[in-house]
Amino acid sequence: MRSMIYFDKVTKIYPDESIALDAVSFTVEPKEFVSIVGHSGAGKTTLMKMLIAEDRPTHGSIFLESKNIHRMKKSEMSKLRRRIGTVFQDFRLIPNKTAYENIAFAMEASGKTDKEIKSDVPYVLDLVDLGNKMWNFPHQLSGGEKQRVAIARAIVNQPDIIIADEPTGNLDPVNTHEIVKILQKINELGTTIILTTHNRGVVDTVAGRVLTMEKGKVIRDDKDGKYIL
Amino acid sequence: MIFTYFKRIVRTGFVNFWRNGFLSFSAVIILTLSLTAFGLLIFGSAFGRTLIQEVKNKVDINVYFTLTADEPSILELKKTIEKLPEVAEVEYISREQALSSFRTKWKDNTLILQGLAEVGSNPFPAVLNIKAKEPSQYAGIAAFLGSKNSLSKDNIAIVDKVNYNQNKLVIDRLGRIIPSVQKTGSVIALVLIIVAVIITFNTVRLVIYTAKDEIAVMKLVGASNSYIRGPFVMSGMMYGIVSGILTLIVLAVFAYYTDAAVIKFAGAKDVKDFGLIINVFSKYFLANFGQIFAIIMGSGIVLGALSSYLAVRRYLNV
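Chains as they are written, first to last, in the numbering used here: chain A, 1 to 229; chain B, 1 to 318.
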């Protein structure tokens, strides 16, 4: 089976000479649920940024289905990002758009019709149990609700991959549990999920593959879902 | 699909303009100030042109004829002068017209009219009032008249005197002052326009700076650059349209009150001495409304759209 994602000796050195990633190599197969764990500064977020081409590696290459994502044209990059749903610790919702509009924007960006938007947005908001708050602005939502809107936005275009960078970092245990359950459900439906966290509970609940990072290197690749740090 | 694409951009631009209340308000105020500066420059230039025209109108050279000069010879000279390329206008005042206007002017002064009656015959010579296209051209016209001084029927001189030399000082000064006033005006206008454009660009840049994280998110969900930029450019155009309307209102109010102030300053009795300057702003505003509307609205829309376009470009490299 062809790998979905392939990190080939990826190194990232920032202008202040700090090494965020040090020759990181790994592959991710379709439909996998991969948790990346590590202390703060281990390089988890940098790795995620590389994957969505928000940042470029200093050395090495990242392939998505055999295509080097950092050699893509701008138009190809936009298309690639429509195939990847992103969820961040700080939610990154557009503040002057309602929950409905935030999700609709992702669909508009993908060129979906008004009819599709009108039927799909309420549907995904119901999936994340926010059907009654679709016209609320982000500042009118709690942290857990914002993260559920972010997840709804990430899944609405039925992406091949969801990248979730510390999605439960700002949430209480109840909301954390709910978000993890939603991500698991999405994974069961066939979406590849890559999640960074330093929450042991999340990793144990997911019970999938765990990559452990330290000082910019992958020091462990555990198929059995163990959180060891 | 293209229609839907543009419909979404326009709708989002409108919604953002409305929802970003305070930021939009700030941008509109700054843009209004810049456009008002444009408008006042337009008014200033119109006022300058009118003032110059008014002064030019007051300057002419007058050819006084001998009392014996016959009308056909004068009219023939008038025709010759009118053919000169430097000449804008020639007015002929016959001896009778001169006498009649004198009588009208002094109709309430019996002493003067009595004196005139004692003279017996008409003491006023016929006159040609000549206006040149430019003050600098009077010297040439005067030289021409000098050479034609002998032009007369039966070789009798009909021109008594030409008052160019009396007006020469004023004419020469005008010839020097007008071009330098125009040049200085253009430089000041250019500097003001540059300042207004820079201030507007920076204000819009600040407005868009507050949306830089939003732009990054849009990029990350896969929106194309044009789809992200479109609503911002649309909002920029909205700043231009709203500012344009406000500016036109400000200019109309300015024209009305400034004209009223000039009339008040001149006083009701002497108001006609102000000639073209009376109601200059209102007249100019009404006569050229289409042009002013197009300049103000066009500048506002282009300035708003262009500054938004350039400001967003900085944040699209995600």
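It is worth saying that the hints were derived from the structure and are not from the lab. Check each hint, because a few of them may be wrong.
Think about it this way: if two alpha-carbon atoms lie no more than 30 angstroms apart in a straight line, the pair counts; the simulated DSSO-like pairs of lysine-lysine are [as the list claims (entries may be wrong)]:
#	chain 1	residue 1	chain 2	residue 2
1	B	LYS212	A	LYS97
2	A	LYS73	A	LYS133
3	A	LYS223	A	LYS67
4	A	LYS73	B	LYS168
5	B	LYS212	A	LYS74
6	B	LYS7	A	LYS133
Is the hinted pair LYS212 (chain B) and LYS97 (chain A) satisfied, with a Cα-Cα distance of at most 30 angstroms? holds, 15 angstroms
Measure nothing beyond the straight line between the CA atoms of LYS73 (chain A) and LYS168 (chain B); if it is 30 angstroms or shorter, mark the hint as holding. Violated - the C-alpha atoms of LYS168 (chain B) and LYS73 (chain A) are around 74 angstroms apart, more than 30 angstroms.
Given the proposed pairing of LYS7 (chain B) with LYS133 (chain A), does the C-alpha separation stay at or below 30 angstroms? holds, 26 angstroms
Would the pair LYS223 (chain A) and LYS67 (chain A) pass a check requiring their Cα atoms to be no farther apart than 30 angstroms? Roughly 26 angstroms separates the two Cα atoms, so the pair holds.
Hinted pair, alpha-carbon criterion (30 angstroms max): LYS212 (chain B), LYS74 (chain A). Please report holds or violated. holds, 19 angstroms
Within a Cα-Cα threshold of 30 angstroms, do LYS73 (chain A) and LYS133 (chain A) meet the stated pairing? Violated, at roughly 38 angstroms.
In the structure shown, a violation is registered for the earlier hints numbered 2, 4, in ascending order.
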